[in-house]
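*Asks:* Chains as they are written, first to last, in full-length UniProt numbering: chain A, 1 to 316; chain B, 1 to 418; chain C, 1 to 279.
Note that these hints are calculated values from the structure, not bench results. Since this is a predicted model, take the numbers as computed values, not measurements. A hint or two may mislead.
Result set (DMTMM-like, lysine to aspartate or glutamate): computed pairs, CA atoms no more than 25 Å apart in a straight line [unchecked claim]:
{"no.": "1", "chain 1": "B", "residue 1": "K316", "chain 2": "C", "residue 2": "E224"}
{"no.": "2", "chain 1": "B", "residue 1": "K158", "chain 2": "B", "residue 2": "E405"}
{"no.": "3", "chain 1": "B", "residue 1": "K408", "chain 2": "A", "residue 2": "D281"}
Examples of chain A residues lying across from chain C (beta carbon under 7 Å, computed) [what the hints assert, rightly or not]:
{"no.": "4", "residue": "F25"}
{"no.": "5", "residue": "L26"}
{"no.": "6", "residue": "P28"}
{"no.": "7", "residue": "P40"}
{"no.": "8", "residue": "V86"}
{"no.": "9", "residue": "Y118"}
{"no.": "10", "residue": "V124"}
{"no.": "11", "residue": "I147"}
{"no.": "12", "residue": "D153"}
{"no.": "13", "residue": "V238"}
{"no.": "14", "residue": "A289"}
{"no.": "15", "residue": "L294"}
{"no.": "16", "residue": "I296"}
For every residue, glycine included, the Cβ atom is placed at its ideal position computed from N, Cα and C.
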Amino acid sequence: MSAAETDDIDAVPARRPARWHIAVFLAPAFLVYTAVMILPLIETLRLSFFNVVAGQMQFVGLSNFQTLFGDPRLSADFWNALRNNVIFFIIHMLVQNPIGIALAAMLSIPKLRFAAFYRSAIFVPTLLSFVIVGFIWKLILSPIWGIAPWLMDLVGMKWAFAPWLGKPETALVTVSLISVWQYVGIPMMLIYAALLNIPDEVLEAAECDGITGWSQFWKIKLPLILPSIGIISVLTFVGNFNAFDLIYTVQGALGGPNGATDILGTLLYRTFFGFQNQMGDRSMGATIATVMFLIILAGVSLYLFVIQRRMRRYQF
Amino acid sequence: MTRLMKGMLLATTMLAPAGLAQAQETQLVIESWRNDDLPIWQEKIIPAFEAKNPNIKVTFAPMAPTEYNSAVNAKLDAGTAGDLITCRPFDLSLAMFEKGQLAPLNDLKGIENFTDVGKSAWTTDDGKTTFCVPMASVIHGFIYNKKAFEEVGVEVPKTEEEFFAVLDKFKENGTYIPLAMGTKDQWEAATMGYYNIGPNYWKGEDGRKALIAGTEKLTDPQWVEPYATLAKWKPYLGDGFEAQTYPDSQNLFTLGRAAIYPAGSWEIAPFKSQADFEMGAFPPPVKKAGDTCYISDHNDIGIGLNAKSANADAAKTFLSWVASPEFAELYANAAPGFFSLNSTPVKMEDKLAQEFVSWRENCKTTIRPSAAIVGRGQPNLDLEMWRVSANVINGSETPEQAGAETQKGLDSWYKPAK
Amino acid sequence: MSNARTAPVRTALIHLALLSYTVIALFPVFLTVVNSFKSRAAIFREPMAVPTPATFSLIGYETVLKQGDFLGYFQNSMIVTIASIALVLLFGAMAAFALSEYRFRGNLLMGLYLALGIMIPIRLGTVAILQGMVATGLVNTRTALVLVYTAQGLPLAIFILSEFMRTVSDDLKNAGRIDGLSEYSIFFRLVLPLVRPAMATVAVFTMIPIWNDLWFPLILAPGEATKTVTLGAQMFIGQYVTNWNAVLAALSLAIMPVMILYVIFSRQLIRGITAGAVK
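Required output: the full structure, derived from the provided sequences and hints.
*Replies:* Listed below in structure tokens is the structure:
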């Protein structure tokens, strides 16, 4: 890395004073990104410090945040959504990522037949829109026309069927698993790539030492793909705390039943844009958005500054 | 900031389209949540208007009901909303008017065709300014499968006791699911349940006004009992009703697998096109024979003028036409179940729709209790009632808890006027 | 390589595991497509059955094609998706090249700034975006969508591509410089062809959220002329919520193009990620 950088300096010493091409290369991305993404987001964050006072937008400092955490109803909604969101994330970490790693480990076995087919097929759900995923899973799990009760009947398990999406105790887990089903392709692909990137020499050396099969995976491969698992965990974290669409299409904007599947994304949507007979509240919505941003920022920083550093030390 | 963005956007625009050709005629766009009615507008209503006003072209642009308010508000704020805005009743549209998004329509030609009651859902609290042309109201009740009633040999119930006796008969018989309703979408439980049967308990307008005045509380027996009755529906609902959605219920009924459907009159048109059996309807059963019956006859849909519309004149022409008896008759027959609020009586062809309207003769009418005045604050009373009604049917809350929770939410912001 | 005697059993088990998961992954898609070819009553009676002559029906597709202008929606989705992918790839690669190739003051800061967008959903800025689009007269144009999707896709693209470009050999670029190639030629003629697999990765990851997005079409371009296929399908569900033939047919139609695009990119995608685009 540092060697490459010194090379650069050697390579373009003469043009140092006016390297316009750097600006040219950066300008289009910078302009579009700033104009369409960053400025609107700043505008939203700014709103969280403003509220309507006597019919006028006014700077109110932190009072919106005070309301969010102080008002019994709002704060109850917020903590409920945060708790559900944490559970949503934990289920992804415990189910989606291990399954993804397991699938990738199997796919990366050299000379496995049909590997390309499996790989493509398992990635298919990731390509589907939430509209489709929501509709089809509601259909499958429906107690009335459902295919799930019918299938469970075939194996004599009909008694175990319940209207999972409608029960407060099971709805969140069910929706989380649907989301896992949809997204397992992403960790699978990334881990798969990491596994294929392990140098052959390392594996050959391991085999010479008699480390094969399972123990090879645990002792050699897993430590080597830890950085990829780290990246996947961060992507999962960011994705989960931004999630909205799936809950919206499966359970509606209210995150029912009785708020059991309400996560930060749906709470933000309802607050910011309003829902049915509830008016949207821009300022409070922006406040929730700001809090979400801080949560995500905290999680990502934790990864970048604590976990990733440890991992580096562990590697070398 | 907007100017900065504008500059940057222009700088980065690569695919700017050729400016839209300016047409000779005026184009009007209607924002609506009635996507079910798209064919009706495209095939019947708009052609009828355009035949009379060849210089005005109208586009009906509906979206999904759940997204309507969010999207329309965002568009109104940004100034991209259509010229004509379909109005939800009461507090929601009132807030839009107070924000200056809807234009006042007091001097619109044709607005005199509506009574004060008809206009009440779209008029300011002081009764002075009307901001939407009333289009229709919807009536709650129960739609039933006539064939199923004959098969099992039951009569249309008049009292609550008879109602549950009928449900028991169907449960014993086992061919039909007695009641087609689910709690997954929550709003059915309140709209088809609580708002449907409730007026008989809280005596319609008397109770609703007392609630607004603060002389009655949601914890009073007349407001808690309907929850108790709803809770008794549970055994008669289909298996897994907790995960049964609104379309599931509709399909259950129209495929002939359920006997009774707690309904709103807007179901008439879609049910007619899908069910292959005869349907009848009855109003919410009263507690004792001879009691006065109350029905929910809710002003549901109006249409207003976007205050920032560039085509206000053409839009007003359209609104005046909507206020005319001609539109009233056209709409009431094209969309049976949406009952005209026009003071000119309207002839309706549809039998089922006639049945619903006939209840107005003997029963006292009222609107949904959470719609006006008490529906203005946070938490929103309507959404709270959705939630607790579903909870009560699911059995996760007692009727008393439901009443107490909603009252507590109301108390947190609402102070009755003295 | 591994123990010869246990190998067949192990391989069989692995195939069994992969095959079962494949079934789980494809089953819902299969259901959608199969039922879209059946009559309404048959869908409810036997959702699992393959269409037979008695239950086969194209009524769903007929309704879809008659009601909405689905061909037009497809065209819109295609134009928006492809234009956005092209811009994300071009702008993203250019910025990634600048960040990975040159040392200049603010490089790290610029990199962090451009990566910020991975963390925040662009949806939070909807109202300001809409106001900006209104101010520039871009509302109800495909351009508005393309701009938003380009901005949304850039952070991840730059992140992935700059990681990848660091692996491109310096000797090659220096040789080019000695031959008198401009920095632009080095980028377009030497580096871009080498990072093609990584571009495919970016293309797939960019494509999925764009094709499937419901929100921005609804807010920025809900007009009939600019409606995308996902929005069209969603409206259809709203409108024909009980007409499951039509809904399933619309959904099947919406699945197809994205599958085709995936198949086109898929080989490059695998090469891209295996060649170390994401490490």
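*Asks:* With reference to the structure, classify each hint as holding or not holding.
*Replies:* Taking the hints in turn, this is what the structure says about them:
1. B/K316 with C/E224: It holds: about 24 Å lies between the C-alpha atoms, which stays within 25 Å.
2. B/K158 with B/E405: Measuring from Cα to Cα gives roughly 32 Å; hence the hint is violated.
3. B/K408 with A/D281: holds, 21 Å
4. F25: The hint holds - A/F25 has a Cβ within 7 Å of chain C, the shortest such distance being about 4 Å.
5. L26: holds, 5 Å
6. P28: Hint on A/P28: holds, closest Cβ of chain C at ~4 Å, below 7 Å.
7. P40: holds, 3 Å
8. V86: violated, 18 Å
9. Y118: holds, 5 Å
10. V124: Holds. Min distance 6 Å.
11. I147: holds, 5 Å
12. D153: violated, 11 Å
13. V238: holds, 6 Å
14. A289: Check passed: Cβ of A/A289 comes within 5 Å of chain C, closer than 7 Å.
15. L294: violated, 11 Å
16. I296: holds, 5 Å
Against the hints set out earlier in the document, violations occur for numbers 2, 8, 12, 15.
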